[in-house]
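Residue numbers (the numbering used here), protein chains in the order written: chain A, 1 to 220; chain B, 1 to 216.
Since the hints were made in silico from the structure, they are not lab data. Among the hints, erroneous ones may be present.
The following label-pair restraints were derived from C-beta to C-beta distances [stated by the list, open to error]:
| id | chain 1 | residue 1 | chain 2 | residue 2 | range |
| --- | --- | --- | --- | --- | --- |
| 1 | A | Ala165 | B | Ala46 | 15 to 23 Å |
| 2 | A | Arg117 | B | His68 | 53 to 61 Å |
| 3 | A | Ala166 | B | Asp76 | 16 to 24 Å |
A few chain A residues facing chain B, derived, Cβ under 7 Å [stated by the list, open to error]:
| id | residue |
| --- | --- |
| 4 | Phe43 |
| 5 | Leu65 |
| 6 | Cys67 |
| 7 | Thr74 |
| 8 | Thr77 |
| 9 | Glu84 |
| 10 | Ala85 |
| 11 | Ala95 |
| 12 | Leu96 |
Interface residues of chain B toward chain A, partial, derived using beta-carbon atoms under 10 Å [said to hold, decoys possible]:
| id | residue |
| --- | --- |
| 13 | Ile17 |
| 14 | Gln43 |
| 15 | Leu107 |
All residues carry an ideal CB built from backbone N, CA and C; glycine is no exception.
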Amino acid sequence: MSTFSRGVLVNNPAWAQLLGLCPLLAVSNSVVNALGLAVASGFVLLGSNLMISTLRHRIPDVARLPCFVLIIATFTTLTVMLLEAFAFELYLRIALFIQIIVTNCMILGRAESFASRQPVGAAALDALGTAVGFAIALLTLGAVREALGHGTFLREMDLLFGEQAAHWVVHIAATGPLPLALFPPGAFLLAGLLFALVQGALNSAAKSNEQTSEPINERS
Amino acid sequence: MNNSGLSWRGIVSLTLIAGICGSVLVATNQFTAPKIDAQRTAQARALMLSLLSPQQQQELDWTQIENHNVITACTDWWLIHISENGYAGPIDLLAYWQTFDNGDPSLLKLRVLAHLETPGIGDFIDHQRDNYLPNQDDSTAAQWQSTDTVTGATITHNALRQAALTVAQRLNTQARAHYCNAAQSATQRTALTAAHSATQRAALTTTHSATKEAEQ
């Protein structure tokens with residue numbers, strides 16, 4: 001299995017490693033919020049992995065963690081500035097959760113366990129795989145919570161894509177059948193169910209392929 | 001990775017990394033700052049217009065006076081930008097203050113421009129997420145002091161109470177008179193300066209013409 005697909009499926013930060021759950025659960029109450037966080041996290045992950053991998057021979061071992069945090073904080077601040085400049089309404093809604101990407105253990109984990117030991121190409125692939133895997137988890141949870149909580153799909157996409165995207169909304173029901181889905185307890189319940197479903201499917205696929213020699217994931 | 005400890009090379013490397021990070025942030029800030037300022041100004045402007053009646057909006061366009069974060073046409077409405085300490089940092093507020101000539105107590109509308117309060121718990125101060133502040137519209141400063149605290153968000157709610165008090169203090173009768181008198185004086189000074197300049201220009205032109213005629 002390639003570095004990229006490993007990050008997307010078996011080592012997925014959300015359902016396999018259970019990392020970065022704070023912003024994931026807080027922001028995934030709609031698809032547009034989830035997409036905003038996914039893009040921001042992906043940008044920070046890719047940028048910090050590339051920079052850490054490039055500078056890996058220059059970073060002193062005793063000060064590696066402060067260096068990683070400094071680099072991640074730089075890319076997070078860049079993201080906040082760009083979001084505030086070009087997607088102001090979305091910034092007002094998810095800014096706090098973008099800022100705590102600095103302390104996201106998913107990004108620090110990839111920096112420590114992969115980017116600081118691998119060449120730039122492999123680090124970029126790992127970042128892309130992890131970012132895509134996180135985005136899939138975020139968007140899936142966002143779509144389910146929005147459908148159950150609001151009874152819609154793709155609402156308020158104009159926050160990211162301009163006024164023409166306001167018409168992309170699909171009304172599934174007049175009102176949300178399960179308003180609890182929009183609140184933190186609903187997020188925990190739905191995330192648990194979704195992650196169990198995905199893990200069950202992955203384990204079934206692994207058993208049927210008889211690929212027992214490779215570890216399923218890197219639980220933290 | 002270098003395992004030799006933090007030698008002088010390590011210090012140089014750390015300085016280099018910090019320099020790269022700092023430079024990237026400064027460059028991005030230069031690029032985005034004008035756009036961010038424009039976005040914040042547009043947000044404040046839209047919020048101001050939402051608090052004013054159509055008549056007051058026209059007054060805002062024509063005769064506004066801006067002094068120490070106070071905007072007014074010196075009629076019966078005042079807008080003031082204030083900042084109070086919340087639970088997680090400063091809360092930036094825009095307040096609308098409606099005064100009455102007949103001695104009735106002034107009415108207050110509060111809106112939050114920016115805050116860092118805990119999501120979920122502090123959401124009630126965001127008028128786009130919760131109707132708490134719109135429901136308190138047209139309360140007096142005294143009524144604000146006697147409203148029930150929001151459970152779990154005492155410090156955030158205290159900031160709103162303090163904001164009402166600050167607005168009442170900064171826009172009391174004497175302060176309002178001071179703002180409007182200062183504004184009138186400034187307008188008069190501008191008019192006098194303009195008239196003086198015009199007179200000087202006319203005098204100079206006349207002198208110049210007379211000199212030319214004398215030379216001829």
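Each hint tested on the structure:
1. A:Ala165 / B:Ala46: 15 to 23 Å: Given a distance of about 20 Å, which is inside 15 to 23 Å, the answer is holds.
2. A:Arg117 / B:His68: 53 to 61 Å: holds, 57 Å
3. A:Ala166 / B:Asp76: 16 to 24 Å: Check failed, 38 Å falls outside 16 to 24 Å.
4. Phe43: violated, 12 Å
5. Leu65: violated, 12 Å
6. Cys67: holds, 6 Å
7. Thr74: holds, 4 Å
8. Thr77: holds, 6 Å
9. Glu84: holds, 5 Å
10. Ala85: Holds, because the Cβ-Cβ distance from A:Ala85 to chain B comes to roughly 4 Å (cut-off 7 Å).
11. Ala95: violated, 9 Å
12. Leu96: holds, 6 Å
13. Ile17: holds, 6 Å
14. Gln43: holds, 7 Å
15. Leu107: violated, 27 Å
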